[in-house]
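Novice: Sequence:
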Amino acid sequence: MAVSRSEALLLKARSIGGLPHARRGAAYGNVGELLRSQVERYGDKLWLIFYPDQKDSGPRSPSAARRTYTYNEFSELVGRTANYLLSAGIRRGDRIATVSFNHPDTVIQYFSAFLIGAVVVPVNTGEDDRRIGYILENSRAKLAFVREEYLERLKRILAGTPGIRTIVRVGSDSGAGPEDNFHAQVASQPAAVRLDHQPEGDDEALLIYTSG
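Okay, so the sequence shown: first residue is 0 according to numbering that gives the first Met the number 0, each after it adds one.
The hints are simulated quantities; they were obtained by calculation from the structure and are not laboratory data. These numbers come from a predicted model, not from an experiment. Do not take every clue at face value.
The calculated lysine to aspartate or glutamate pairs, modelled on DMTMM-like cross-linking and capped at a C-alpha distance of 25 Å, are [as the list claims (entries may be wrong)]:
1. Lys44 <-> Glu72
2. Lys154 <-> Asp195
3. Lys141 <-> Asp93
4. Lys154 <-> Asp93
Using the sequences provided together with the hints, build the complete structure.
Specialist: Next up, the structure:
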(Lines of atoms letter the chains of each structure in order from A and count residues from 1; the text may use other names and numbers.)
(Lines give C-alpha, C1' and ligand atoms only; values in the text may rest on other atoms or scores of the structure.)
Protein backbone atom coordinates (compact mmCIF):
# COMPACT_ATOMS: atom_id res chain seq x y z
CA MET A 1 0.00 0.00 0.00
CA ALA A 2 1.43 3.35 -1.01
CA VAL A 3 1.77 6.03 1.67
CA SER A 4 2.44 9.75 1.37
CA ARG A 5 5.74 11.29 2.45
CA SER A 6 4.11 12.87 5.53
CA GLU A 7 2.57 9.52 6.52
CA ALA A 8 5.94 7.80 6.06
CA LEU A 9 7.64 10.39 8.28
CA LEU A 10 4.97 9.92 10.94
CA LEU A 11 5.43 6.13 10.89
CA LYS A 12 9.19 6.61 11.22
CA ALA A 13 8.75 8.97 14.17
CA ARG A 14 6.48 6.48 15.91
CA SER A 15 9.11 3.75 15.53
CA ILE A 16 11.90 5.76 17.19
CA GLY A 17 10.81 4.68 20.68
CA GLY A 18 11.29 1.06 19.63
CA LEU A 19 8.17 -0.17 21.42
CA PRO A 20 4.45 0.43 20.98
CA HIS A 21 3.03 3.15 23.23
CA ALA A 22 1.17 0.65 25.42
CA ARG A 23 4.46 -1.06 26.34
CA ARG A 24 6.45 2.07 27.20
CA GLY A 25 4.91 2.50 30.65
CA ALA A 26 3.58 6.02 30.10
CA ALA A 27 1.77 7.48 33.09
CA TYR A 28 -1.16 8.62 30.92
CA GLY A 29 -2.60 7.06 27.79
CA ASN A 30 -3.57 10.40 26.25
CA VAL A 31 -4.02 14.10 27.01
CA GLY A 32 -7.57 13.54 28.24
CA GLU A 33 -6.34 11.18 30.96
CA LEU A 34 -3.65 13.69 31.95
CA LEU A 35 -6.16 16.54 32.19
CA ARG A 36 -8.65 14.51 34.23
CA SER A 37 -5.90 13.43 36.61
CA GLN A 38 -4.77 17.01 37.22
CA VAL A 39 -8.34 18.22 37.71
CA GLU A 40 -8.91 15.51 40.32
CA ARG A 41 -5.72 16.51 42.14
CA TYR A 42 -5.93 20.30 41.93
CA GLY A 43 -9.57 21.15 41.10
CA ASP A 44 -10.13 24.72 42.25
CA LYS A 45 -6.45 25.66 42.35
CA LEU A 46 -5.16 28.28 39.94
CA TRP A 47 -3.89 26.91 36.64
CA LEU A 48 -3.54 29.90 34.29
CA ILE A 49 -3.21 33.69 34.62
CA PHE A 50 -3.53 35.88 31.53
CA TYR A 51 -2.87 39.60 31.14
CA PRO A 52 -4.20 41.07 27.87
CA ASP A 53 -2.05 43.30 25.71
CA GLN A 54 -2.64 45.49 22.67
CA LYS A 55 -3.83 42.56 20.59
CA ASP A 56 -6.61 41.73 23.03
CA SER A 57 -7.94 44.74 24.88
CA GLY A 58 -5.61 47.70 24.72
CA PRO A 59 -2.22 48.42 26.31
CA ARG A 60 -1.31 46.35 29.32
CA SER A 61 -1.80 48.21 32.61
CA PRO A 62 -2.58 47.42 36.26
CA SER A 63 -6.25 47.97 35.43
CA ALA A 64 -6.25 45.65 32.41
CA ALA A 65 -8.70 42.76 32.58
CA ARG A 66 -6.62 40.05 34.24
CA ARG A 67 -8.11 36.61 33.69
CA THR A 68 -7.59 33.54 35.80
CA TYR A 69 -8.59 29.92 35.26
CA THR A 70 -8.70 27.10 37.77
CA TYR A 71 -8.18 23.50 36.70
CA ASN A 72 -11.93 22.93 36.95
CA GLU A 73 -12.80 26.00 34.87
CA PHE A 74 -10.24 25.16 32.22
CA SER A 75 -11.38 21.54 31.98
CA GLU A 76 -15.01 22.61 31.56
CA LEU A 77 -14.13 24.99 28.71
CA VAL A 78 -12.02 22.31 27.04
CA GLY A 79 -14.93 19.86 27.25
CA ARG A 80 -17.40 22.33 25.78
CA THR A 81 -15.01 23.20 22.96
CA ALA A 82 -14.35 19.52 22.26
CA ASN A 83 -18.10 18.93 21.96
CA TYR A 84 -18.37 21.88 19.59
CA LEU A 85 -15.68 20.33 17.40
CA LEU A 86 -17.54 17.01 17.42
CA SER A 87 -20.79 18.78 16.50
CA ALA A 88 -18.94 20.40 13.58
CA GLY A 89 -17.98 16.96 12.27
CA ILE A 90 -14.37 16.91 13.50
CA ARG A 91 -13.15 13.44 14.40
CA ARG A 92 -9.95 11.69 15.47
CA GLY A 93 -7.21 12.36 12.92
CA ASP A 94 -8.90 15.40 11.36
CA ARG A 95 -6.91 18.64 11.21
CA ILE A 96 -8.01 22.00 12.58
CA ALA A 97 -6.14 25.27 12.07
CA THR A 98 -5.58 28.07 14.59
CA VAL A 99 -4.98 31.57 13.23
CA SER A 100 -4.25 33.38 16.44
CA PHE A 101 -1.68 34.53 19.01
CA ASN A 102 -0.89 33.63 22.63
CA HIS A 103 -4.26 33.67 24.37
CA PRO A 104 -6.27 31.40 26.72
CA ASP A 105 -8.75 30.68 23.91
CA THR A 106 -5.89 29.25 21.86
CA VAL A 107 -4.76 27.00 24.71
CA ILE A 108 -8.34 25.77 25.14
CA GLN A 109 -8.59 25.02 21.41
CA TYR A 110 -5.37 22.98 21.51
CA PHE A 111 -6.47 20.88 24.47
CA SER A 112 -9.96 20.33 23.06
CA ALA A 113 -8.46 19.04 19.81
CA PHE A 114 -6.07 16.74 21.67
CA LEU A 115 -8.97 15.49 23.81
CA ILE A 116 -10.80 14.09 20.77
CA GLY A 117 -7.69 13.09 18.84
CA ALA A 118 -7.79 15.90 16.28
CA VAL A 119 -4.58 17.47 14.96
CA VAL A 120 -3.79 21.17 15.46
CA VAL A 121 -2.23 23.14 12.59
CA PRO A 122 -0.88 26.42 14.02
CA VAL A 123 -0.75 29.20 11.40
CA ASN A 124 1.88 31.91 11.82
CA THR A 125 0.16 35.17 10.87
CA GLY A 126 3.56 36.65 10.02
CA GLU A 127 3.65 34.49 6.87
CA ASP A 128 2.54 35.97 3.57
CA ASP A 129 -0.86 35.14 2.08
CA ARG A 130 0.53 32.62 -0.41
CA ARG A 131 2.29 30.65 2.32
CA ILE A 132 -0.76 30.66 4.61
CA GLY A 133 -2.92 29.46 1.73
CA TYR A 134 -0.44 26.65 1.07
CA ILE A 135 -0.44 25.57 4.74
CA LEU A 136 -4.22 25.47 4.95
CA GLU A 137 -4.56 23.53 1.70
CA ASN A 138 -1.65 21.15 2.23
CA SER A 139 -2.66 20.31 5.80
CA ARG A 140 -6.21 19.43 4.70
CA ALA A 141 -7.59 21.35 7.69
CA LYS A 142 -11.38 21.09 7.91
CA LEU A 143 -12.01 23.89 10.42
CA ALA A 144 -10.18 27.08 11.39
CA PHE A 145 -10.38 29.06 14.62
CA VAL A 146 -9.57 32.62 13.55
CA ARG A 147 -9.03 35.67 15.75
CA GLU A 148 -11.22 38.52 14.52
CA GLU A 149 -8.13 40.62 13.75
CA TYR A 150 -7.24 38.18 10.96
CA LEU A 151 -10.71 37.19 9.77
CA GLU A 152 -11.00 39.34 6.66
CA ARG A 153 -7.49 38.45 5.57
CA LEU A 154 -8.19 34.74 5.97
CA LYS A 155 -11.45 34.95 4.04
CA ARG A 156 -9.54 36.56 1.19
CA ILE A 157 -6.89 33.83 1.28
CA LEU A 158 -9.47 31.05 1.41
CA ALA A 159 -11.34 32.38 -1.60
CA GLY A 160 -9.01 30.25 -3.73
CA THR A 161 -8.39 27.46 -1.22
CA PRO A 162 -10.80 24.51 -1.07
CA GLY A 163 -11.09 22.23 1.93
CA ILE A 164 -11.92 24.24 5.04
CA ARG A 165 -15.61 23.76 5.78
CA THR A 166 -15.94 25.95 8.85
CA ILE A 167 -14.41 29.25 9.94
CA VAL A 168 -14.99 30.13 13.59
CA ARG A 169 -14.46 33.77 14.56
CA VAL A 170 -12.69 34.14 17.90
CA GLY A 171 -12.77 37.42 19.80
CA SER A 172 -15.13 39.66 21.70
CA ASP A 173 -18.86 39.02 21.59
CA SER A 174 -19.60 42.34 19.91
CA GLY A 175 -20.72 42.67 16.32
CA ALA A 176 -21.46 39.07 15.40
CA GLY A 177 -24.13 36.46 15.89
CA PRO A 178 -23.67 33.02 17.43
CA GLU A 179 -23.22 31.40 14.03
CA ASP A 180 -19.66 32.71 13.72
CA ASN A 181 -18.58 33.40 17.30
CA PHE A 182 -16.42 30.96 19.23
CA HIS A 183 -17.68 31.83 22.70
CA ALA A 184 -21.35 31.64 21.77
CA GLN A 185 -20.90 28.27 20.06
CA VAL A 186 -18.97 26.80 22.98
CA ALA A 187 -21.36 28.09 25.66
CA SER A 188 -24.22 26.06 24.18
CA GLN A 189 -22.32 22.76 24.45
CA PRO A 190 -22.21 20.32 27.39
CA ALA A 191 -18.97 19.98 29.34
CA ALA A 192 -18.93 16.16 29.51
CA VAL A 193 -17.32 14.53 26.47
CA ARG A 194 -18.22 11.03 25.31
CA LEU A 195 -16.06 9.44 22.64
CA ASP A 196 -16.60 6.23 20.70
CA HIS A 197 -12.83 5.79 20.35
CA GLN A 198 -10.23 7.22 22.71
CA PRO A 199 -7.10 8.81 21.23
CA GLU A 200 -3.83 6.94 21.66
CA GLY A 201 -0.78 8.46 23.29
CA ASP A 202 1.20 8.32 20.06
CA ASP A 203 -1.48 9.80 17.79
CA GLU A 204 -0.45 12.78 15.70
CA ALA A 205 -1.21 15.98 17.68
CA LEU A 206 0.52 18.94 15.99
CA LEU A 207 1.33 19.64 12.36
CA ILE A 208 3.79 22.54 12.31
CA TYR A 209 5.06 24.08 9.08
CA THR A 210 8.59 25.49 9.37
CA SER A 211 11.31 26.61 6.99
CA GLY A 212 13.42 23.57 7.84
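Novice: For every hint, state whether the structure bears it out.
Specialist: Consistency of the hints with the structure:
1. Distance check on the hinted pair: Lys44 and Glu72 sit about 10 Å apart at the alpha-carbon level, within 25 Å; holds.
2. At most 25 Å may separate the alpha-carbon atoms for a hinted pair to count; Lys154 and Asp195 exceed this at roughly 34 Å.
3. For the hint linking Lys141 to Asp93, the alpha-carbon distance of about 7 Å falls within 25 Å, and the restraint holds.
4. Of the supplied pair hints, the one linking Lys154 and Asp93 holds, its CA atoms being roughly 21 Å apart against a limit of 25 Å.
Against the hints set out earlier in the document, a violation occurs for number 2 only.
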